[in-house]
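Protein chains in written order, with our numbering: chain P, 13 to 204; chain R, 763 to 1001.
Hints should not be assumed to be uniformly reliable.
Coverage of chain P stretches by chain R, computed from C-beta distances (three or more under 8 Å per stretch; other residues unrestricted) [as the list claims (entries may be wrong)]:
| no. | stretch |
| --- | --- |
| 1 | 38–48 |
| 2 | 75–87 |
| 3 | 102–113 |
| 4 | 190–196 |
Hints listed in this document are in silico derivations from the structure and should not be mistaken for laboratory results. For each residue, glycine too, the CB sits at the ideal point set by N, CA and C.
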Amino acid sequence: MPDPELRLVPSPGPADVDDLMRQAARGDSHAFEMLYDELSPAVYGLARRVVRDPARAEDVTQEVFLDVWRKATRFEGDRGKAKTWVMTIAHRRAVDAVRRSEAAKRQDHRAAPDEVSHDEPADALIEAEEYGAVRDCLETLTDLQLESVRMAYFNGYTYGEVATLLEKPLPTIKTRMRDGLIRLRDCLEGAR
Amino acid sequence: MTTELHTLSGAYALDALTAEEAEQFRRHLEACTACRVEVRELRQAAATMGASEAVPPPAYLKARVLTAVDRAPQLPPRAVGGNVVQVAPHRWGRWLLMTAAAVVLIVGGVIGVSRIGDDATKDQSLLAADVAKVFQADDAHKATMPTKNGGTISVATSPELGEMAVDTTKLAPLDSGHVYQLWAIHRGEASSVGLLEPAKGAAMEMPPADTEVAITVEPVGGSPRPTTNPIMQVNPSQV
Chain P
13 MPDPELRLVP SPGPADVDDL MRQAARGDSH AFEMLYDELS PAVYGLARRV VRDPARAEDV
73 TQEVFLDVWR KATRFEGDRG KAKTWVMTIA HRRAVDAVRR SEAAKRQDHR AAPDEVSHDE
133 PADALIEAEE YGAVRDCLET LTDLQLESVR MAYFNGYTYG EVATLLEKPL PTIKTRMRDG
193 LIRLRDCLEG AR
Chain R
763 MTTELHTLSG AYALDALTAE EAEQFRRHLE ACTACRVEVR ELRQAAATMG ASEAVPPPAY
823 LKARVLTAVD RAPQLPPRAV GGNVVQVAPH RWGRWLLMTA AAVVLIVGGV IGVSRIGDDA
883 TKDQSLLAAD VAKVFQADDA HKATMPTKNG GTISVATSPE LGEMAVDTTK LAPLDSGHVY
943 QLWAIHRGEA SSVGLLEPAK GAAMEMPPAD TEVAITVEPV GGSPRPTTNP IMQVNPSQV
């Protein structure tokens, strides 16, 4: 439900990011530098959450921005926002990194999955413009939706792994992920 | 199956599918506009969730990234139109390296030739003569068949020349976001031969008897492997 009291003030950020992406696509490295300033906290923060290790999060961040620079020419603005595009690349890269290292670890021994942590060091968090809306909207999810979405997104687990960890049937987890994201989407749209 | 697959949109948007499942779901997306819209929206929700975790990176990372970027060329924008577009180099088999040498385009009576490879224009006249021979060969086998997306395609082979050619002028038109891509299918493995412009056509060396040729609809720029079901598939040896 959109609540006028809680409505987010439209930030000049997102529109600017789209413009910067278009300029970067034309080889404008200054625009790209500004794009980095705009988006690197979001990219690095997500990488930290997923891969945990700060040094590896830096590597992931570098890979992501290199990817963004190279592929800026192919960013299609009509198919979504530049920030979503960058965060999608960032998440994929981070998950790939974590799955590669998990696969390497499993070759040594069958390690028990890491405990699911929802809390990163509070000192590192800055208040992202999305923070309040996301926190409020995540509260509208059921416990199982929230667990499923967060374990997949922030821990890089497949839905099969999430099902195992939560001891639920696969189809249940599959639908909870979808229902949870739909609820998050609808709530975020309302908050805008 | 669609309903079953459709519910994977959430897991897909969260990158929570295995590589195989993700590939399968991407194929499903090609055929399902509503699913693409949903995935886009769910990804945006996920991205917003990810962005809410922002942490400033260490300052030195910026210089590192900008230095790396400074050395990296940008990809060319996806071409609009054009002839045969070069795709990633093959790494599949000997046969493909051979076919890659000669993909020939026929433009409404005027015969143009392009190679999928490094030097696109070399030996044009020679190859043009070869392809003209395929269509006019005394021993040419010709077949016209419907495609699954509502067009037709003609295939000609000449055992004597050891070549085959396709006339793609009657393929169904595609929107600006999609192209036709030509594949060689060998033991269930698809290898890209190249992208087609529907108004034109292609000719190539005759593949071995156990290799089929297929065409799929792919996003502009082509795909490393097919993401949709073929609109046509044929064993050239049986034309």
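Now for the hints, and whether the structure bears them out:
| no. | hint | in the structure |
| --- | --- | --- |
| 1 | 38–48 | holds (count 5) |
| 2 | 75–87 | holds (count 8) |
| 3 | 102–113 | holds (count 4) |
| 4 | 190–196 | holds (count 6) |
In summary, the structure agrees with every hint in the numbered list given earlier.
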